[in-house]
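Chemist: Taken in order, these protein sequences are the chains called A and B.
Per our numbering, the first sequence starts with residue 1, numbered consecutively.
Per our numbering, the second sequence starts with residue 198, numbered consecutively.
Hints were generated in silico from the structure; no laboratory data involved.
Bear in mind the structure is a predicted one, so any value in this text is a computation, not a measurement.
Glycine is no exception: its CB is placed at the ideal position from the N, C-alpha and C atoms.
Check the hints yourself; a few may be wrong.
Example chain A residues on the side facing chain B (calculated, C-beta under 10 Å, incomplete) [unchecked claim]:
1) 14
2) 36
3) 44
4) 51
5) 87
6) 134
7) 135
8) 154
9) 155
10) 156
11) 160
12) 164
13) 167
14) 168
15) 194
The primary structure of each chain is shown beneath.
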Amino acid sequence: MLQRINRRRGMTLVEVMISLVLMLLLSIITIGGMMMHARMARANLTREQIAESSRRLVSAAQVLALDATVLRVDAGPSGANTVLTIETPDPADSSVTIIKQFAYIDRDMNPNTIGDNVVVERDTNSPGATTGKVIMELCSVVGTKKVFEQPTGTARPLININLRLGDRTSPAGNADNAFTGPGYQSFLISASVSQLL
Amino acid sequence: MIRFLDIKSNFACLAPRTHGMTFVEVLFAIAIAAMLSVGMYGSAIYTMRQTARNIEHTYALQIVSSAAAKVRAANFSKLTGTTTAADFEHQFFTNAPVSADPNVVNGNAFTLGYELRGFGTGIKKQNKNWSILTIPDKSADWEKNEFAGHVLAVTAGKGANQVMAITQNHKSMVKNGIKTVMVRLDQTLQDPEAGIDDPTDATGPAVSWTVEPDSTSVFVVDYGLYCDITTTWGDGTGYKTLTETVYAPTN
């Protein structure tokens with residue numbers, strides 16, 4: 001009883017070494033985990049942003065197309081089938097037509113670089129223009145598919161949208177990772193829009 | 198001396214601590230830190246899985262809304278008739294797997310299904326209020342009062358170009374291999390709740406067709422049809438379903 005109360009010694013060398021080794025291992029695990037957490041959080045955020053960006057384009061095109069009087073695919077600065085034109089009547093004055101154009105633009109005309117590829121929207125009928133509000137970046141053509149494609153055999157105009165946002169391959173190549181960050185961050189737009197009436 | 202020791206042992210816990218942690222205390226602290234670390238890893242993994250689920254849901258929305266666009270663009274006569282494999286409309290009669298992103302190995306496959314309803318051929322008068330509609334086997338079942346308050350239009354066959362209001366409808370049924378549904382019709386649209394839910398009841402104003410329809414009469418609801426589009430993905434606890442109903446007008 002007296003020995004226990006009056007104990008004044010610290011840990012033995014073996015105890016200290018075991019403690020240090022355990023703490024070292026735990027630190028490695030914890031710091032590694034925190035770094036992984038940070039990387040994953042960044043990757044997750046990028047994936048969510050890419051998916052949301054895609055959803056915005058598809059949703060905007062689908063809503064506009066429902067009321068459209070004209071739904072067509074034009075040639076743009078980046079080649080044939082790269083511009084989607086939607087014409088809708090002005091709710092305030094049905095004799096006036098509102099135009100919305102979505103154009104895929106590969107600024108350097110090099111399909112191997114995604115950093116300068118954008119989708120722009122504009123309110124003018126100017127398929128050949130490169131101007132407009134950028135609504136999507138880091139996009140690319142999907143294989144040999146047309147960006148905007150109008151299939152035949154339908155009763156009303158139907159437009160298929162084929163685009164990829166982010167990394168083009170999985171695992172991602174260095175060229176794409178330079179823009180999207182490490183890991184596979186990508187979203188495939190394979191959507192369709194059509195008129196209601 | 199004994200008294201002094203007793204007092205000291207009684208107040209030992211209040212005395213200033215003069216020694217370091219014991220080995221057991223250090224191990225205990227490390228164990229707590231390890232548990233926190235495991236929790237952090239778990240949180241990171243959960244976040245990653247949740248993000249993947251969000252992306253899958255966005256893909257599912259894209260698949261369903263695109264399928265709705267295709268239904269709207271389809272030829273109405275082929276939606277309600279027969280198709281061949283070469284027809285655009287043929288896809289609506291098969292449950293096809295859809296790959297959201299072919300780059301993702303072991304990614305979830307989405308299954309897309311269509312159910313069309315709101316059309317048929319054959320109107321037989323049961324009594325002065327109720328009629329029996331014949332709907333195709335391949336079309337989806339009608340739920341009770343699903344089309345109450347909607348419009349029934351005869352588009353071809355005997356009695357074409359006439360319109361009636363559906364005030365009530367029973368659930369569709371199959372009898373002798375023929376799928377039928379009983380509907381209460383009226384010249385004007387009435388409150389479905391105010392109607393009589395008895396197919397033998399013939400009170401109230403009689404339905405008065407200018408030309409009485411028969412088994413050749415082709416009818417549609419609301420000058421079109423309705424299509425339930427369903428996409429499913431995942432399995433086990435991760436099994437998910439997303440459904441959208443789209444209206445496809447005649448063209």
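Chemist: Give a verdict on every hint.
Modeler: We went through each hint and held it up to the structure:
Taken as an interface hint, residue 14(A) checks out: its beta carbon lies about 9 Å from the nearest beta carbon of chain B, inside 10 Å. Among the interface hints, the one on residue 36(A) holds; its C-beta lies about 6 Å from the nearest C-beta in chain B, closer than the 10 Å criterion. Against a cut-off of 10 Å between C-beta atoms, the interface hint on residue 44(A) holds, since the closest Cβ of chain B lies about 4 Å away. For residue 51(A), the suggested interface contact is upheld, since its CB lies about 5 Å from the closest CB of chain B, less than 10 Å.
Evaluation of the residue 87(A) hint against chain B yields a violated restraint, the C-beta minimum of about 17 Å exceeding 10 Å. With a cut of 10 Å, the hint placing residue 134(A) at the interface with chain B is violated, because the nearest CB-to-CB distance is about 21 Å. Because the closest C-beta pair between residue 135(A) and chain B is about 16 Å apart, greater than 10 Å, the hint is violated. With its C-beta approaching chain B no nearer than about 4 Å, residue 154(A) sits inside the 10 Å limit, and its interface hint holds.
A hinted interface residue such as residue 155(A) counts as satisfied when its beta carbon comes closer than 10 Å to some beta carbon of chain B; here the least separation is about 4 Å, so the hint holds. Evaluation of the residue 156(A) hint against chain B yields a held restraint, the C-beta minimum of about 5 Å falling below 10 Å. Evaluation of the residue 160(A) hint against chain B yields a held restraint, the C-beta minimum of about 8 Å falling below 10 Å. Using the Cβ-Cβ criterion of 10 Å, the hint placing residue 164(A) at the interface with chain B is satisfied: the shortest such distance is roughly 9 Å.
Hint on residue 167(A) holds. Least Cβ distance to chain B is approximately 8 Å, under the 10 Å limit. Because the smallest distance between the Cβ of residue 168(A) and any Cβ of chain B comes to about 8 Å, under 10 Å, the interface hint for this residue holds. A least Cβ separation of about 4 Å between residue 194(A) and chain B falls short of the 10 Å threshold, and the interface hint therefore holds.
Checked against the numbered hints given earlier, the structure breaks hints 5, 6, 7 and satisfies all the rest.
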